[in-house]
Amino acid sequence: AGRRQSTMDFIYEPLVIFNAEDGGKPVFRLATSYKFSDDMKSITYELRPGVKWSDGQPLTSADMKYTIDLMLKNAALDTVGVGETVASVEAPSATEVKINLKAMNSDFPESLADLAVVPEHIWKDVSDPVAFKNEKPVGSGPMTELRRFTPQVYEQCRNPNYWDAASLHVDCLRLPQI
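Going by the working numbering, the sequence shown opens with residue 211, and the numbers climb by one from there.
Among the clues, some could well be false.
In the BS3-like style, the derived pairs of lysine-lysine whose C-alpha atoms are separated by at most 25 Å in a straight line are [as the list claims (entries may be wrong)]: (1) K245 with K262; (2) K334 with K308; (3) K235 with K283; (4) K262 with K334; (5) K245 with K312.
Calculated from the structure, these hints are not laboratory results.
All chains should be built: construct the whole structure from the sequences, respecting the hints.
Okay, here's the thing in structure tokens:
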């Protein structure tokens with residue numbers, strides 16, 4: 211599976227990106243680290259403290275746990291194969307997420323690179339998450355504000371609460387619909 215590479219990349223910050231131009235070296239984004247258990251059947255991510263959703267609410271391990279549980283319950287939402295690999299997920303602290311795997315899988319961090327962590331405080335009230343259009347997304351990425359969405363153009367603007375705002379050098383992106 212390849213990278214998603216869509217407008218969602220700007221709305222939902224990945225946990226970690228693996229830089230193909232640098233030998234697959236991890237570049238941490240929402241996560242600051244990850245570590246496998248000795249038996250390689252679980253992996254623990256440490257999330258970046260202080261990250262906020264675009265609506266100002268804190269992003270915590272509960273959001274990541276909720277997202278993975280949501281995918282386990284709704285296969286149609288599982289774009290990264292968690293249903294095939296994940297046995298369960300725990301959130302032992304606000305910044306720690308432990309994912310228990312069905313079997314050893316050293317490639318799991320790469321497969322999770324496309325995971326779009328969603329805000330539990332928004333999605334928990336959605337009656338049908340598979341049909342949910344999410345027309346006003348609340349995200350953790352750099353460009354979460356949808357200024358315009360037409361058949362011709364898709365315009366996304368800065369997340370007012372983006373954790374890495376100092377790295378942004380543009381205010382909005384205008385993407386043609388193809």
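A quick look at each hint next to the structure:
1. Only pairs whose Cα atoms come within 25 Å are accepted, and K245 paired with K262 is accepted, the gap being roughly 24 Å.
2. Between K334 and K308 the CA atoms are separated by roughly 21 Å; this keeps the pair inside 25 Å, and the hint holds.
3. For a cut-off of 25 Å, the pair hint linking K235 to K283 is broken: about 32 Å separates their Cα positions.
4. A distance of roughly 18 Å separates the Cα atoms of K262 and K334; the hinted pair therefore holds under the 25 Å criterion.
5. Restraint check for K245 and K312: the C-alpha separation of about 17 Å stays at or below 25 Å, so the hint holds.
When held up to the earlier numbered hints, the structure conflicts with hint 3 and nothing else.
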